[in-house]
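Using the sequences plus the hints, can you model the full thing?
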Amino acid sequence: MRLPAFIACAAAVFAQGLLDPAKLSQPLGDSWPTYNGDYTGRRYSALTKIAPHNIASLSLAWVYRANPGQGAAGAGGNASPVIKGTPLVINGVLYLTAPDHVWAVDARSGREIWHYAWKSKGGLHIGNRGAGVWGGYLYFETPDCNLVSLNLRDGKERWHKPICDLDQFYYASAAPVVAKNHIITGVSGDDLDIPGYLESHDPETGDLQWRWYAHPNPGDPEAKTWPSVDAMMHGGGMTWVPSTYDPELNLLYFGTGNPQPVIAGKARKGANLYTECIIALNPDTGKLVWYFQPSPHDTHDWDAVQTPVLFDADIGGQRRKLLAQASRNGWFFVLDRTSGQNLIASEYVKTNWTQGVDAKGQPVPNPAKEPQLDGVLVTPNQGGAANWPPPSFSPTTGLFYVSAARAFSVYYIYDDDDKPEGWSGNDRGGFSETMLEAIDYKTGKVRWTHKWPANGGTRSGLLSTAGGLVFSGDTGTNLVGLDAATGAILWHAGLHAPVTNGPITYELDGIQYVVAAAGDTLYAFSQ
Amino acid sequence: MRRVGLAVLTAAVAFGQAGPARPEVDTEAAERGKHIYLQFCVNCHGNLAKGTDQGPDLIRSVVVLQDREGGKLGPALIGLPNHKRDLTKRQLADVSQFLKQRIEETSKNRNAVKPPNVLTGDAKAGQAYFGAKCAACHSPSGDLAGIARKYDPVTLQQRFLFPRSGGRGAPTPKRPQVTVTPASGEPVTGALERIDDFSVSLRDASGEYRSWKRNPDLRVDVVDPYSAHNELLDEYTDADMHNVVAYLETLK
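Residue numbers (my numbering), protein chains in the order written: chain P, 1 to 527; chain W, 1 to 252.
Heads up, some of the hints might be wrong.
[Said to hold, decoys possible] Short, incomplete list of chain W residues facing chain P, as computed with Cβ under 8 angstroms:
hint	residue
1	Leu65
2	Pro116
3	Cys134
4	Arg164
Derived by calculation from the structure, the hints in this document are not laboratory data.
Just so we're clear, the structure is a prediction, and the values are computed from it rather than from any experiment.
Built from N, CA and C at the ideal position, the CB exists for glycine as well.
Okay, here's the thing in structure tokens:
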């Protein structure tokens, strides 16, 4: 991608210690400056020092155990945090988060530099995806609905701003994404029938710049995908996974979550736009540019929030600006990211809930597989064929890597009322097997699969490198390095717990590090 | 900011500072509030406070959601025509508690209040399916005799679909059996303890724990006693599922 002028100018004035915004559009090397490493969401590093021929010598460099401190968490806090977020690495300092907490750690040694604890007023402490950085400032969301800004240098709070309302059962968990002078924040919460939205905040003041709701305006043609304005205005569509961004097109890409009520869809007949969509927005205005809906009229809690991964590549004999998503519903999509036009729609695991795809390439749900009073057998299950753990794309291999699950469960309706609310149903039980899949973006076909020997799920994200490697956690407690082209296992390290975040890599002083979290602990490996 | 005109219609618009955590519902106050609600509010807002053609949904009302002890509810009632305006402070707090109780119930309704009725299938068709697909391993007069006395219908459904996850009240599932054969040495069979790509461990018939580092020369064969159940997941129709449950329910 060509470097936009604003980035080139800004880079010149950023002093050491601050984030040079040019880093966000460069191949990943000595830093990991945003949730996905760079704006593309590929989680692909240009580093090559660690490679298949020498990975056997990769060994432990340091361990850091995140300590939240006694009594720091406040209402709803966790005594033992789980690191689900992807750390940032900027100028040799690593920043990691857990709900209500941020730590700065020396990326060379794992020694703590500072710790910030937010006194919580509540909210669901299910996880925190990470932080965003603009210049010398860090931003993160708290479960009790605040956007907090800290000084990068010492972790001192600058300000905090409300971004949602606990009383309405929202909470906040996403990693803010910085695009130009916009801090993009998402929201979470599906206990009640509330609308999802995405916000942009001023990086200096935290003031709201715009809010985009995950529903059409009354009177828009898309509003006809709801039976009533009331259903639409309470229709969900949370924005809990961080966006990707194309600076050249100036488009922000993200997915929206499930419609509300979650399981019982009888009072929201229709496709329920803009829930379960891949969305392209103008970050300066919050204006919708296009949408594509992976799960029209979802009734299985299959949030389409999985990272929309951006890359430029040949497809159908033509070089195109592409976007790919392995969606929670078991389908893999490749879109033209200038227009949202679908180019590939295929199952990456076998599913049983569709009647094929429509003219736009969107799956058509089979009404017989909507939840029923006496149960209906569905695959994937509620956890999905994929979930929030970030995938990876390697331009070297042309393969899209996803941690995939084949799982079944029975979906039940619990409330037969004409106006169900909340969830009014759920799924139960389940068989599942988990695998690492490499999908050919040109065909949507799975090129190779490595099925983990033990059943059960994994919550590990993925990392690919120009060195020809893919890193993933398995269903046990191993961090595993595989050959990106073939899926052959080349290296592993046994940790004390399963990998719980997306692994990262960076190079300092000529040494390439690979870092992954397991529960409350970060493990760093180098040669 | 976008959609200013829409703001008045949208539930999530007014935040202010994020308030303190939601307090616990006072059930005694909620019970008192319920009587007031049934007297003055139910005709328009409905039995469950979800609204009717005459009045809006109060579970989705931002005023109600943000209310503390009637502090927002009282002024809102005064501003609305044809509403009860002379409730005491305590009555307002009680109504607020009742509505909070309804909200909390709604927010937790992903959990079933009563078991779903899964007995909708045809037992005879289920018996035929059982004979064709299950009888090689199971017998209604043998291992499944009286199974319907042990488990409720939902557990029966979950047990035959997913014997490893079992359903509520189910016994500990059988562990996979594993046979490990070293390049030189006798095969060892036992209950699988743990397996990944790098090691395998088992407990043999004598109760001894054994483990091996995996390598290409080490043969590992895992037999899941439930593999036939897992393979059937791709074959069952929903009718098969309901019919088999109906049949199993006859095995009292």
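Hints, one by one, checked against the model:
no.	hint	verdict
1	Leu65	5 angstroms, holds
2	Pro116	5 angstroms, holds
3	Cys134	16 angstroms, violated
4	Arg164	7 angstroms, holds
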